[in-house]
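*Asks:* Protein chains in written order, with full-length UniProt numbering: chain A, 1 to 320; chain B, 1 to 320; chain C, 1 to 320; chain D, 1 to 320; chain E, 1 to 320; chain F, 1 to 320.
Distance condition first, Cα-Cα at most 30 angstroms in a straight line; then the derived BS3-like pairs of lysine-lysine:
| # | chain 1 | residue 1 | chain 2 | residue 2 |
| --- | --- | --- | --- | --- |
| 1 | A | Lys49 | E | Lys32 |
| 2 | D | Lys49 | D | Lys59 |
| 3 | C | Lys86 | A | Lys54 |
| 4 | B | Lys59 | F | Lys72 |
| 5 | C | Lys54 | E | Lys33 |
| 6 | D | Lys33 | D | Lys150 |
| 7 | B | Lys255 | C | Lys150 |
| 8 | B | Lys172 | B | Lys138 |
| 9 | C | Lys54 | C | Lys150 |
| 10 | F | Lys32 | D | Lys54 |
| 11 | B | Lys86 | F | Lys32 |
| 12 | B | Lys72 | D | Lys33 |
| 13 | C | Lys59 | E | Lys86 |
| 14 | D | Lys313 | E | Lys172 |
| 15 | B | Lys33 | F | Lys86 |
| 16 | C | Lys228 | E | Lys313 |
| 17 | C | Lys137 | C | Lys172 |
| 18 | E | Lys33 | A | Lys49 |
| 19 | A | Lys49 | C | Lys49 |
| 20 | F | Lys313 | A | Lys255 |
| 21 | B | Lys172 | C | Lys172 |
| 22 | D | Lys32 | D | Lys54 |
| 23 | E | Lys86 | E | Lys72 |
| 24 | C | Lys138 | C | Lys172 |
| 25 | E | Lys49 | E | Lys72 |
| 26 | F | Lys4 | F | Lys108 |
| 27 | D | Lys311 | F | Lys150 |
| 28 | D | Lys4 | D | Lys33 |
Quick caveat, the hints were computed from the structure, so don't treat them as lab data.
There are 6 protein chains.
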Amino acid sequence: MTKKIYEHEIDDGFEIYVLIKSADVRLAKNGKKFIAFTFQDRSGQIDGKYWDAKEEDIKQFVPGQVVVVTGKRELYQNNPQLRISKLRLAREGEPNSPELYMESAPLKSEEMVEEVSQILFEITSAPINRIVRHILKKYQVEFFEYPAAKRHHHAFVGGLGYHTVSILRLAKTVLENYPAVNRSLLYGGIILHDIGKTIELSGSMSTEYTLKGNLIGHIVLIDEEITKACGLLNIDEDNEEVILLKHIVLAHHGKMEFGSPVVPHLLEAEIIHHLDNLDASINMIDTALLRTTPGTFGERIFGLENRTFYKPKFTQPTEE
Amino acid sequence: MTKKIYEHEIDDGFEIYVLIKSADVRLAKNGKKFIAFTFQDRSGQIDGKYWDAKEEDIKQFVPGQVVVVTGKRELYQNNPQLRISKLRLAREGEPNSPELYMESAPLKSEEMVEEVSQILFEITSAPINRIVRHILKKYQVEFFEYPAAKRHHHAFVGGLGYHTVSILRLAKTVLENYPAVNRSLLYGGIILHDIGKTIELSGSMSTEYTLKGNLIGHIVLIDEEITKACGLLNIDEDNEEVILLKHIVLAHHGKMEFGSPVVPHLLEAEIIHHLDNLDASINMIDTALLRTTPGTFGERIFGLENRTFYKPKFTQPTEE
Amino acid sequence: MTKKIYEHEIDDGFEIYVLIKSADVRLAKNGKKFIAFTFQDRSGQIDGKYWDAKEEDIKQFVPGQVVVVTGKRELYQNNPQLRISKLRLAREGEPNSPELYMESAPLKSEEMVEEVSQILFEITSAPINRIVRHILKKYQVEFFEYPAAKRHHHAFVGGLGYHTVSILRLAKTVLENYPAVNRSLLYGGIILHDIGKTIELSGSMSTEYTLKGNLIGHIVLIDEEITKACGLLNIDEDNEEVILLKHIVLAHHGKMEFGSPVVPHLLEAEIIHHLDNLDASINMIDTALLRTTPGTFGERIFGLENRTFYKPKFTQPTEE
Amino acid sequence: MTKKIYEHEIDDGFEIYVLIKSADVRLAKNGKKFIAFTFQDRSGQIDGKYWDAKEEDIKQFVPGQVVVVTGKRELYQNNPQLRISKLRLAREGEPNSPELYMESAPLKSEEMVEEVSQILFEITSAPINRIVRHILKKYQVEFFEYPAAKRHHHAFVGGLGYHTVSILRLAKTVLENYPAVNRSLLYGGIILHDIGKTIELSGSMSTEYTLKGNLIGHIVLIDEEITKACGLLNIDEDNEEVILLKHIVLAHHGKMEFGSPVVPHLLEAEIIHHLDNLDASINMIDTALLRTTPGTFGERIFGLENRTFYKPKFTQPTEE
Amino acid sequence: MTKKIYEHEIDDGFEIYVLIKSADVRLAKNGKKFIAFTFQDRSGQIDGKYWDAKEEDIKQFVPGQVVVVTGKRELYQNNPQLRISKLRLAREGEPNSPELYMESAPLKSEEMVEEVSQILFEITSAPINRIVRHILKKYQVEFFEYPAAKRHHHAFVGGLGYHTVSILRLAKTVLENYPAVNRSLLYGGIILHDIGKTIELSGSMSTEYTLKGNLIGHIVLIDEEITKACGLLNIDEDNEEVILLKHIVLAHHGKMEFGSPVVPHLLEAEIIHHLDNLDASINMIDTALLRTTPGTFGERIFGLENRTFYKPKFTQPTEE
Amino acid sequence: MTKKIYEHEIDDGFEIYVLIKSADVRLAKNGKKFIAFTFQDRSGQIDGKYWDAKEEDIKQFVPGQVVVVTGKRELYQNNPQLRISKLRLAREGEPNSPELYMESAPLKSEEMVEEVSQILFEITSAPINRIVRHILKKYQVEFFEYPAAKRHHHAFVGGLGYHTVSILRLAKTVLENYPAVNRSLLYGGIILHDIGKTIELSGSMSTEYTLKGNLIGHIVLIDEEITKACGLLNIDEDNEEVILLKHIVLAHHGKMEFGSPVVPHLLEAEIIHHLDNLDASINMIDTALLRTTPGTFGERIFGLENRTFYKPKFTQPTEE
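Next up, chain A with everything else stripped away, as it sits in the complex (with noise of 0.2 angstroms):
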């Protein structure tokens, strides 16, 4: 009763304990009304459909409760599902606390933290220095616990400080390689490019787009931030440095039809575009091929044109 939903077989029978990420009640053809759960624990998310709903079901399997599942885990076209035979809330006495299945980043909170400190040090731009801590203060506890996006990558606990992360991690080889780079506008640019998230989303359970979120977008709520930091610290907004970090940030989508209003001008513009393109990408294949058959292909993933990626037979000789 331990395994997780992707450490059983397909088709095999089980009892297992996930939480409930999301639950829409809908309408079966039937008349009757069901629900359509995505279940998940930290091997990974998994929908399934709760027949002939009552009243009280839907009262009681809302998010962010602990359920015991009896089904097996399935394929539809391609796409894992769960068959639910028999469904409970976890009792007192059993693993009930939501923490247990979240999936969340491969770093801790305060690990992600303190590699992002220890970047702070090599912003040597005075303000851009001090607008990103002014930034970062403001929303650390949300940047280091919100998913990157609702859906698409990184979309987990800690997504967002997780891809922030992996991003800088890799534009540390960037600088040792192209002498030419700034280093302070990088790394500001980075700390900075999907902060506007925070305002965006609505949180880390349930994840929503907010008023703003929808009508003003990350894009253009992270340069708002910088121009509320400006005038707090008495930066001035004409400062070149100033005007450069929110080109980087307005930019980060790198094509206007992606949603930047100004297409990068920039050296570090462009380079911040690319990594976070690769980061992003990276993830949403991984994320996929976590749960294909090797020799086979994966689901379709919407956020790379809907291709689907092959997951290879032949796997690396251990490397000792």
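Starting from the known structure of chain A, fit chains B, C, D, E and F onto it as the hints suggest.
*Replies:* Coordinates of chains B, C, D, E and F only, in the frame set by chain A:
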């Protein structure tokens, strides 16, 4: 000698007073320098090249100077062009004040101020009213003096204000015909939608993009102004009216590929996008047709997918 | 029992009179037939499924019948839906006249006729005036009765005429503000631009595309009508005014990829394209917002790139 | 002196008779006028500039004149160009009849008429046969004399008829191989598909677009002709065969963005679109390769996405 | 009992022998399994669902089995569908050989071999002739047995060879009409252009993409075959004819976005691209029209931008 | 006289040794010939025109010659340009060896060989290791000498090898941070991804595309090399590792419209696509910024959608 550029017939010789709008020094194929001028008077603008320019020519014939040109107007591949045979600065006693030659809005600055002020009374939402008044006051001088664009539409003194006033007039009819439209959002959004151009552009003469204009852009610049206004006026940024006003200015280009970081998700945002387009299109076509012979097609209009427009021979009977 | 569909609260049970607008018989997953209805009354339209339909049900529940539905209104993935528990035909003595339930233009047919007639006097170009009167007379009944589209915008009785009248009203302001615009071309073009829909569509009930609609399309169909009118009225087809009028109707979709065989090359063609878009957009958004709860986003609008629109919570203060 | 333009080696001096196809007077950088000529003889066309043109040169060297050029053929950025050292009009007694220099279809007009006439017998649908005969008769002279385009393909005397005949020949094989294809629609559609170009273009010399060509376009112009033919011949416009014939000509550009107001929804429409493309492509490539040295790439072809085509060195062994 | 699927009227009950082409086991909304079948006989293919499938059903009703279906043919949203009421395997003594039910090319394999062989004699370029013969011999069996695509066009036994033969027939007319075309390149290119599909696809039954098909694709696979043939036949890869032959097969999809790594830069490459498209389009439309009622539009065709095609009511008079 | 091109101030006169990189003879407007040069030394490249060129000039001033230019560096529309007043060949005793002037990779050939060799030991997959070693050996000289492109990025001696080494360095960090990535595929794919350019391009001086380069392209050319290597080394082409290696090189342009016949369906293919882009982008921007004055925007970069890049005025404090 008082006739203006476009009041002379094509290929007629003349001596004429005009203002130098821009003067680019370039290398001719023969290795000598020439000056590529744009001249203007109130009948429009015209390009002309001055060959074999000496250093003193380059020094004295600069933007902002009024000059006397001897030459004629010609057509080169459907574009008007001024052939210069002699060129000298206008002297004392001659009409050498630049203002006399600058195209400007059909309305005087005071008239536009008056018309916009009347509209302010109809913005009954308190936060919108206060924000709009605050920003308008801050940029009032530039707003009624700057052009609406460096080149494409309303590229004349006062063009920015005049473009805004024109849209406000159309908006009045929209409000009458579609009762669901919110007056405060519509009027407030129109007044602010392009006011960031006072920061994006360098001024009303020899207009260029500023660094902020190039790297941040007028769409985000006005969003920043609203953010700062909220801070100064103690208006809560989470106020729905504020979020909607920001959304309108951010979305007014209608599509991401035209530089809006978000697309319209609000009735008033959609309407302003349309009215802005309509007024800019009419102005560009009007300007081109002014220089077009009836019964022919005019010059290509860059801002309208390089289309050319036909100027009919038939005119509508005078309607009295 | 006199409340309309959208006057009932979501999830409240009711018994209600509605008109069957369309009725598609389909196969359910269980192999039995069901009817996918679209019902309507003057508060709007709603879809609903009738399960396990017997042959007699299929025969009697057809478009144009008024029925009594017992059931309730629900939300299914943000779209309103009618859950049917009982269904029967309205009887003698009950309000069973279809007209009572059909959405229709806010103006009566006579009012629209009157308004358009006034405009005709302002078309001072003789050939345009004669052509417009001729075609208007030929299709007058359909013009003021048909919808402006099968589904997307102004999809109600009289929608085609109402859409035209709305644009004419906007055009009046355009003529006041932009003196270069030709009144005869603008008004004539607007009245004719969509009148080919009277041939493209099958009628005002259960509207479908005709064979000519599918294979020729309303844009070319109206061009053909002008051609025929010239023949009957002895107007020279090489007359500039006739060519321009044809151009306007051919170009009114603005871009080739939207079905215009030529793009606008005439000021009036460009303007009509914009006004057409503006009026259609407002109508689509208005219709969607009618069914949207304040503070939320409405259904996706196909004709506007599937965007959703936000309905603000704040309302403008009553202005008296 | 009887060699043609492209029979001379590159860089060899010559004296040669050619026809002036077009002559644009332009301003040189040095302020003097020059004439940008396009000359032609039966080996092809070539551009050449005539510097320091005097007023009398401009008056006498006009399109339609045969001239004697002393000069040589050169290559400028892969494009052939004629360097003019002397230029005079051809005199009495010299070969000064324009017809001697105009490129023309490989078939004589009578041969084409004959070939098309044979095809008419195979159009067994009465309405299609009558409409095609009627229009063909109305525009017969122009049809076999005009080019198929101002510049892109079959831009020679008789090109329009020849393009049509070429497609008819391909169509014959299509009919043999695909029995489901309707002979009357296929042949009728091909004969009419481009005949609107007799109205769209100004003639076979110095070909320009007419006002109708620019503002209505040959696709709709031929639809209008069918409409008028139906009126004159008392053919019901609601006849399915008429609707399909119209659809074919309207859809023959294949995609809306290429100017078809409807896309093909009929087997024969789809086929004609393909055959039209195929024949035009072959003609454009053939023309370019004629001027290309074996083993190199020729000039960019505008109508084929600016691609260049390779002319192989190897030739196929004579097959006898 | 000898009538085929599409020889029965819609909604008529029948008992019929068909072959199972594919059989996907899926989960129904009620949690039970069902089988989504595609059946076929020589009149075409049809989908049908078998509800509440037991494990033994799943085991026995697999692709390649002939079965007896009791049921009827229905229309579901314009697509034909088979409603199954009873299903059993065909027994000994019944017509249970799969070949009897497989759609196949209108020509027998031997006829196609013969027709292609005749063409080989006309390929007079020695290297092209040797390469084509070599590859044809290597893949001969598969070439005349495989479909031309998994689903889109010529998706029947022998479809690949038949598609090739059809294009060769069109090519014959092209060679007659356009003398500049090189016979060896045209014929050699056509024969090889799609032969890589014998490696890309898994076979003629239950056709799937192979790993090489998915990750390398038939366009590059045939290029590799030419490379290997050169090695084995001692043909110099730098031979111009070899390079051109490779270019043709690489460029035959016409545009990069359709998977050609190079676009056509050779007359014969351009022609083959057009003929390939033409033949595939006709086949797709033909197949759809076979199942369409005259006077209506058929199913959407994925390979033709989801267009639907109209089947005319009028037929051409028998021509004798 | 030892200063390099870009070490001189703009508009300062100088006498300078440079290498002729390319020399195009063209016709001036006045009918005389001129030579359009590209010169280079180790500080960069610059264009310059030599007017009124005589035949002997044309003969002696050819690519590969070292010349002495008297003149000055100027700016023409933001692009650097060399104004030539005198030109002669460098003589014996002067520094006339071309190598002295060719831009080259910051690493020596031996260093790159060494760095790549170290990587080879980490490719533990036997077939990949053998294929990579085989191809590397075959093209080793060219690989470390050729540019990575004719013009766009790393267009200098050794650029191809240096581009590869730069990506390998980035890849090392990727392998550390993302444990799921396969080392053999990543390193093998990077080394081979562009090696086909040794066949696609003509060499390191006056680089042009070869016929194979134009008609087959480096992406397919390297796939052919792998195919041939498998034949020679007796490696099964159906080996999964071989298929994946081929897929990586075929997919490395990321999208079909950029010339990849397949899009990435493998984690390592996706990563290499990103790293390739990142390194090329940085190199293009770096090169442009070298010639840009701080506080201004540089020249348009063709390979980056014609964007211009800003060179900041502020520099990062020396970090010691």
